[in-house]
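Trainee: Top line first, the protein sequences correspond to chains A and B. Each position in the first sequence, counted from 1, maps to that position plus 124 in our numbering. Each position in the second sequence, counted from 1, maps to that position plus 15 in our numbering.
It is worth saying that the hints were derived from the structure and are not from the lab. Hints are not guaranteed to be accurate.
Stated by the list, open to error - Quick look at which bits of chain B chain A covers, simulated, 3 or more residues with Cβ under 8 Å:
{"id": "1", "region": "25 to 33"}
{"id": "2", "region": "37 to 50"}
Said to hold, decoys possible - Label pairs and their calculated CB-CB ranges:
{"id": "3", "chain 1": "A", "residue 1": "Ser261", "chain 2": "B", "residue 2": "Met65", "range": "50 to 60 Å"}
{"id": "4", "chain 1": "A", "residue 1": "Ile242", "chain 2": "B", "residue 2": "Lys122", "range": "12 to 22 Å"}
{"id": "5", "chain 1": "A", "residue 1": "Ile296", "chain 2": "B", "residue 2": "Lys163", "range": "22 to 32 Å"}
{"id": "6", "chain 1": "B", "residue 1": "Lys209", "chain 2": "A", "residue 2": "Val326", "range": "36 to 46 Å"}
Source: prediction; values computed, not measured. Glycine included, C-beta positions come from ideal geometry on N, C-alpha and C.
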Amino acid sequence: MDQIAAEKEPYWSPKNKKLLTDPFSDDNPITIQVLGVCSALAVTTQLKTAMVMAVSVVVVLVFSNVIISAMRNTIPSRIRMIVQLLVIAGLVILVDQVLKAFAYDVSRQLSVYIGLIITNCIIMGRLEAMAMSNKPSASLLDGLGNGWGYGVILIVVSFFRELFGAGSLLGIQVVPDALYEMGYENNGIMLTSAAAMFIIGVIIWVQRARNPKLIDAS
Amino acid sequence: MHSNSYTLRYAIFFTAFVAILLAVAASGLRPRQERNIAQAKRAAILQSVMEVDPVTLENDYNSLITEFVYSIEGSERADAIAFDVDLKKEMKASDSERNFPLYIYSKDGQTRYIIPLQGKGLWGPISAFVALDADLNTISGVVFEHEKETPGLGAEINTAEFQVQWQGKKIFGEAGNFISVKALKGSGNDIEGKPHEVDGLTGATMTLNGVNTMMSDELARYEKILTSINS
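For reference, chain B alone in the conformation it holds in the complex:
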C-alpha cells in the first residue's frame, strides 16, 4: 500500500508530465496541421469547378482563383482577406457587420463564381462551396463537406453521386426572384425538368434539412452581392 503523500505526488507529477508532453506535441505539429487545413480548403474550392490534382493544387489555386470579400449590400471590402474569413464566427455577427467571401475562378475566358456557405448538419457543422456560371444563376458545381455526419447516411452529401445532381440547377426563378435549390426527402424522387430540386438521400433527412437551410438562408444573403456583380 502506497502512502497518501506518495499517491498525491504521483498524481501531480504524472499529470504534469502528460500535460507538458501533449502541449509540446500540439504546438510542434501545429504548422503542419494548419497547412493541411488550408490545403483542404483550397482543394474544396477548386473541386467545385474542376478536377483537383493534389500535386499542382497550390499553383492552380493561386493562378486561377481571385478572392473577394463583400458586405451584404454588395460593396467590396478591400481590407479583408477572403481565405481567412471564418464563416463559423461570421455567422454569429449581425448581417451588416458580416464579411461575405466570394472566390472567382477564371480560365480561358470561362468565369465561375464560388460562394462558400456554412450550416448545421445533424451532428456537427456542414459547409459548401457553390460554383455559379457566368449568368450568376445556374449552378455549375457544388462541394459539400461535413465533420461528423453519420457514415453511409448523412455523410453521403460528400459523394460525387449526390453532388453531381446539383449541376445545371438554378437559384433564381424565371421572374428573377430568389428560390434556391433544395434536396427532397428520401431518394428516388422524380426531379426531371425541375430546376430547383434535387433527389435526396434515404436516412439522411436531418442532414439534408441542414443542407436545405444553408442553401436557402445563407445563399439568400448573397442576392445583393450577385446583383451588384451582374450590373
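So here's chain A without its partners, still in its complex pose:
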C-alpha cells in the first residue's frame, strides 16, 4: 500500500479481497452494491445480448482497471476522474470499432448498449475503489470478479425475461407449440424494463434470505 492508497479508502466495503475471486460473493456489483442497474434493465430482454454485454463489460473493466492501476502513481489527483473517463471511453470506442470490423452483426445489435458501458457506474466505481489504490495484478482480479458478478446477474435476468416474454432462449423457441394451443400466452410485461426490476428484486431477496449477515451489512 502506497501513499495514494492511504488517501482514498474504498467507497463501499473493505471486503474487496474476497470479491476478487468470488463473483457470487457478498459484494455482487448489482444486487449488493446496486451499481449498473440501468444497463441491467436495458440489455436483458434477450439472453444473447445480455451475454455479449457481459463479455464486453468484463473486457473493458479488466483493461481499464489494469491500465489505471499501472498509471495510478502518475495520475494527478485533481484530474483523476477525467483521466479515468478518458481511459474508459477510449477503450469502449476501441471495442466498438473492433466489433464493427470483425463481428458486424453483434455490433449492430449492441450499438445501443455500447455507449452504456462508458456510463456504467461499475467501471468507474471499481477504478476509484480498486485500481487507484492497488497493484495491477490485484486490480485485474477485481475487474474479472466484478465483471463476472455483473454478467451473471445479467444472464440470469435475461434467461427469465426471454423465456417468459418470448418463449425462447438464445432466439430458439423452447415453449412447445402445444402449450400455446392450450391457451398459454407469452407474458408481455417481461419484455418491459419493469420486469427486470422485479427479477433483480427477487434475486436480492433470495440472496439475502440465504445469507443473513447481508441484512445488516448494507
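Given the coordinates of chain A, work out where chain B should sit on it, guided by the hints.
Mentor: Chain B alone, transformed into the frame defined by chain A:
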C-alpha cells in the same frame, strides 16, 4: 500533491495519446467496416426475395440483381449508382432532385422489383426493402431494419414473423389508386381478406407509426416510376 504545470502537461499529453490511438484504430479498421456495411446491405436486399447464404452472398448479388436509379418522374438516371445512393441524404433534397434507387432481381424468368425505403422509428432511423411481384402491385417480401428500436418491442419489426405477414399484400387498390399497406395498432387484429393491412405489434405503436409513414409517404414517391416500368 502534483504541481499545476505537471497536471496540465499530463492532461495534454494523455489526451493527445488517446486521440492518436483512436484515430489510428478507426482509420485502420475502416476498410473492413465499410465492407461489412456493404455486405449487410446486399444481404438485406437479397433477403427480401430469397434465403441468403452468407458464403455466396456477393456472387448471388452480382448475378441476380441489376441496379437502377430513377427520378421521381420515372426517367432513368444512368449516371448514378443505386447501391451508393444514401437515402438519409436524399430525403433532405427536393423531390425533383432526389435519386430513387430500384433493384431488379431476375432468376429463371422470375422478376422482382426491390424498392429501398428510409424512415424514422421511435429512437432512430428505420429502413426497408420492399420486393414487388412482376405485377408491380403485390408485395412478395419485405425486410425491415432499424438501428435503435427497443429490443423486444419496436425491434420486432426485424423478425420473420412480422415481415412474413406483408407477403401477398397489395399496394394499389382495385381502381389502380395508391393505397399502400399499413400495420394496425396492437396485435391480434383480424386481417383476413384485407389486402392493405397487416397485424401490428403490442408495445411498438410508435415504431409502427414510423413504418406506416415510410410505407405510405416514401413508397408513394415510386408511383410514377412503377407506372413507367409497367408501360
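Trainee: Now look at each hint and say whether the structure bears it out.
Mentor: Here is what the structure says about each hint:
| no. | hint | verdict |
| --- | --- | --- |
| 1 | 25 to 33 | holds (count 5) |
| 2 | 37 to 50 | holds (count 6) |
| 3 | A/Ser261 to B/Met65: 50 to 60 Å | holds, 54 Å |
| 4 | A/Ile242 to B/Lys122: 12 to 22 Å | violated, 46 Å |
| 5 | A/Ile296 to B/Lys163: 22 to 32 Å | holds, 25 Å |
| 6 | B/Lys209 to A/Val326: 36 to 46 Å | holds, 43 Å |
The structure does not agree with numbered hint 4 stated previously, though it agrees with all others.
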